[in-house]
Amino acid sequence: MTETGPTDAEPGALITTQLTGLIRLAGSGVRTAPSAVHDLRVTLKRLRAWVRLLRPAVQGRVDPKLLDQRFADTGRGLSVARDEQVLSKALRRLQGRAGGKDVRRIEAWRDELAASPRAEIPWDRVRAELAVSAQMLHGIDWQAVSPEMLIARLRATYRRTRRYGKRTLPQRGIDAERLHDLRKLVKRLTYQVEYVDTVFSVRHPSGAGLARLGQSLGDLNDLLVLKSWLRDKGLKPKSQLLKLVGKRIRRRRAVIRGQFDELFQSGSARFVAPYRAARPRLAARPGSTGTVALRVVPATPVR
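Under the working numbering, the very last position in the sequence shown is 330; numbers go up by exactly one each time.
Derived by calculation from the structure, the hints in this document are not laboratory data.
Among the clues, some could well be false.
Dumping the calculated DSSO-like pairs for lysine-lysine here, alpha-carbon to alpha-carbon at most 27 Å [claimed, not checked]: (1) 72 x 116; (2) 92 x 254; (3) 265 x 128; (4) 72 x 92; (5) 263 x 116; (6) 128 x 274; (7) 211 x 92; (8) 270 x 128; (9) 274 x 260; (10) 254 x 265; (11) 128 x 260; (12) 254 x 128; (13) 116 x 260; (14) 193 x 254; (15) 128 x 116; (16) 211 x 72; (17) 274 x 263; (18) 254 x 211; (19) 116 x 211; (20) 116 x 254; (21) 274 x 193; (22) 254 x 274; (23) 254 x 270; (24) 265 x 92; (25) 72 x 254; (26) 128 x 263; (27) 211 x 193; (28) 260 x 270; (29) 193 x 72; (30) 116 x 270; (31) 274 x 211.
Just so it is clear, the structure is predicted and the values come from calculations on it, not from any experiment.
Hey, can you work out the whole structure from these sequences and the hints?
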């Protein structure tokens, strides 16, 4: 979202750069584009993950829970049209697999969604909330951030995600709420890995796999939303459309199980090992005091 080139900066620079980009985009002419709204929401989730990662440094200046809640509230203001977008996309995919009268039925539903009134995003309020969040971050002592603190915080996120996933995925039935919570944990871990990668100039071998797992969990969530919507439309459990959606849900769940098992088979110590290996090089930089100097790179949203 931002166009800054690589520069040495204090640990908070990546956060403030992202937040400044958000405020600029929220006030720009492209903000109504679906892709722009998506990028805003993704970056807010990234910022929430980073604030949680840096909580020991943040809490000396502001209440991290209050700042996290502000980002969450702003994100909800951008989510007013999300269900409609999810359903339209899911119906389009389903239409390509349906047959006969079901194709015409889905076409009618898509036309109905397209003709429904569009929810308005309160842009003035969104921009004002982002400005307040940026003000809250002023005066934080980012020099309190140490490599060991980042490793310990990331390791805790990994442990929590691994533990929650192992409890959730073996269940025979599908608990939509628990799967949604697992998706949030996976995204949080993904964004925190992105941050620590930048700090240590390391590309974690699991980074791409975590992004794929997050995408798979998002696809499953969309299918569950579609299944609930079709039931509300009066479809019977044995209808061809619901059978087709159920089949896709089972396949996606099997893919998720495989992805999760591959990514979380090792303990947390092995997960953070690439950063521990990089730690001596980080400390050996000329003028290093053991605190973190970031290389700020152009920010690309993690899908």
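Here is what the structure says about each hint:
1. At roughly 22 Å between alpha-carbon atoms, residue 72 and residue 116 fall within 27 Å of each other, so this suggested pair holds.
2. Our distance criterion of 27 Å between C-alpha atoms is broken by residue 92 and residue 254, whose separation comes to about 34 Å.
3. Annotation: proposed proximity of residue 265 to residue 128 holds, straight-line Cα distance about 16 Å (limit 27 Å).
4. Annotation: proposed proximity of residue 72 to residue 92 holds, straight-line Cα distance about 14 Å (limit 27 Å).
5. For the suggested pair residue 263 and residue 116, the alpha carbons sit about 22 Å apart, so the restraint of at most 27 Å is met.
6. As the CA atoms of residue 128 and residue 274 are separated by approximately 20 Å, the hinted pair is consistent with the 27 Å bound.
7. With a C-alpha separation of about 16 Å, the suggested pairing of residue 211 with residue 92 holds against the 27 Å cut-off.
8. Proximity of residue 270 to residue 128 is assessed by CA-CA distance (about 15 Å); at most 27 Å being required, the pair is judged to hold.
9. Between residue 274 and residue 260, the direct Cα distance comes to roughly 19 Å. Compliance with the 27 Å bound is thereby established for this hinted pair.
10. Between residue 254 and residue 265 the CA atoms are separated by roughly 12 Å; this keeps the pair inside 27 Å, and the hint holds.
11. With a C-alpha separation of about 16 Å, the suggested pairing of residue 128 with residue 260 holds against the 27 Å cut-off.
12. Restraint check for residue 254 and residue 128: satisfied, since their Cα atoms lie roughly 18 Å apart, inside the 27 Å limit.
13. Restraint check for residue 116 and residue 260: the C-alpha separation of about 17 Å stays at or below 27 Å, so the hint holds.
14. At roughly 25 Å between alpha-carbon atoms, residue 193 and residue 254 fall within 27 Å of each other, so this suggested pair holds.
15. For the given pair, residue 128 sits about 20 Å from residue 116 by alpha-carbon distance, which is consistent with the 27 Å threshold.
16. Taken as a hint, the residue 211 and residue 72 pair is honoured in the structure, with Cα atoms around 9 Å apart against an allowance of 27 Å.
17. Distance hint between residue 274 and residue 263 is fulfilled; the C-alpha atoms sit about 15 Å from each other, no more than 27 Å.
18. This hinted pair checks out: residue 254 and residue 211 have alpha carbons roughly 21 Å apart, not beyond 27 Å.
19. For the suggested pair residue 116 and residue 211, the alpha carbons sit about 21 Å apart, so the restraint of at most 27 Å is met.
20. For the hint pairing residue 116 with residue 254, the CA-to-CA distance comes to about 13 Å; that is within 27 Å, so the pair holds.
21. For a cut-off of 27 Å, the pair hint linking residue 274 to residue 193 stands: about 23 Å separates their Cα positions.
22. Taking the CA atoms of residue 254 and residue 274, the gap is near 11 Å; set against the 27 Å cutoff, the hint holds.
23. At roughly 10 Å between alpha-carbon atoms, residue 254 and residue 270 fall within 27 Å of each other, so this suggested pair holds.
24. With a C-alpha separation of about 45 Å, the suggested pairing of residue 265 with residue 92 is violated against the 27 Å cut-off.
25. For the suggested pair residue 72 and residue 254, the alpha carbons sit about 26 Å apart, so the restraint of at most 27 Å is met.
26. In summary, the hint linking residue 128 to residue 263 is supported, as the alpha carbons are separated by about 16 Å, within the 27 Å threshold.
27. Distance restraint check for residue 211 and residue 193: the Cα-Cα separation of roughly 15 Å lies within the 27 Å cut-off, and the hinted pair is therefore satisfied.
28. Between the alpha carbons of residue 260 and residue 270 the distance comes to roughly 15 Å, so the proposed pair stays at or under 27 Å and holds.
29. Distance check on the hinted pair: residue 193 and residue 72 sit about 24 Å apart at the alpha-carbon level, within 27 Å; holds.
30. The hinted pair formed by residue 116 and residue 270 meets the criterion: a straight-line CA distance of about 19 Å does not exceed 27 Å.
31. Only pairs whose Cα atoms come within 27 Å are accepted, and residue 274 paired with residue 211 is accepted, the gap being roughly 24 Å.
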